[in-house]
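Numbering (the working numbering), first residue to last: 1161 to 1481.
Any given hint could turn out to be false.
Derived pair list, reagent style SDA-like, types lysine to any residue, alpha-carbon separation capped at 25 Å [claimed, not checked]:
#, residue 1, residue 2
1, LYS1357, LEU1204
2, LYS1394, LEU1358
3, LYS1357, GLY1342
4, LYS1347, LEU1319
5, LYS1347, ARG1225
6, LYS1259, PHE1325
7, LYS1394, LEU1382
Just so you know, these hints were derived from the structure itself, not from any lab.
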Amino acid sequence: MNNNGIFFFFFLLIMENYSQVSYFILVAYFDTGIFKYLYFLILLCLYVLIIISNVLLIVLICVNRILYEPMYLFLCSLFVNQLYGSTGLFPFLLFQILKDIHTISASFCFLQIAYVYCYAAVECLTLAVMSYDRYLAICYPLHYNTRMTSHKVFLLVALSWLCSFITMIILISLSAPLQLCGNIIHKVYCDNYSIVKLACSDTTVNNIYGLITVVIVIIIPLFFIFYTYMRILKVCFSGSKQTRHKAVSTCTPHLASVINYCFGSRFNMNHVPHILRIFLSVYFITLQPIFNPLVFGLKMSKIRLVCSNVVNQLRVIVFRL
């Protein structure tokens, strides 16, 4: 059994001992009749597309030395996170769509929360790190190589994952021991806010920690991204045409990814129609992993060049056969 398997085994064992209820009921699902097979096929196609697109770009970055640059290494971390996050949700959604009774054990519910929240945190922190990289490349081009070293790249990637992992562990350790007065969750998957709302015991610590987590993991990184782009725009308006072209070509896909992430991270959807609410609740973890490979793959010139070379090589091989 590998390290991940050991971690998940002990995680499930601990949650089994902590949880006050044995299972939760997901009431956001509704009877779709024969259309459930269509929805299953659509989700399955999305999941396969996510796997293929993200794995393809990860392999391209890892095997081509031309892409051994900080921006592409950060992209590699982003694509790995998208595989991680989608794997924590898609198989579960596919399984639930075909079921008539939509329940989830308490242990797997908390495990799903760990997957989703860690994914969201890594995504936001990585986007903030990428904005810092673009800021240095455009505002301080002469000092970029000395400021953004390979050691610093590794450190920033490691900190993004480590901070997200620690934040998630503390979150689960605060929520799991709560005394719950119900087991009904009004979503298609488990989330921490729904668990805390079911608690009979005092949740002041949970609420304070949740607020602190949102500020540290989401609000501060987004403000940092906003700040770096204000500085980038200032340099672009006062710089040369070449500087503006570089900024547009490298920053546009990143900015599009940030906007897409913010749109998919809406929390207050009480007045949204039921079907749209379900779609928005899973948007950031179902469409973001598809959106990013497409926008970065199509807009980043070096990735396009590598893809073009691979296609040409395949054509030569096929022609020879």
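Provide an ascending list of the numbers of those earlier hints which the structure does not satisfy. 1, 2, 4, 5 and 6
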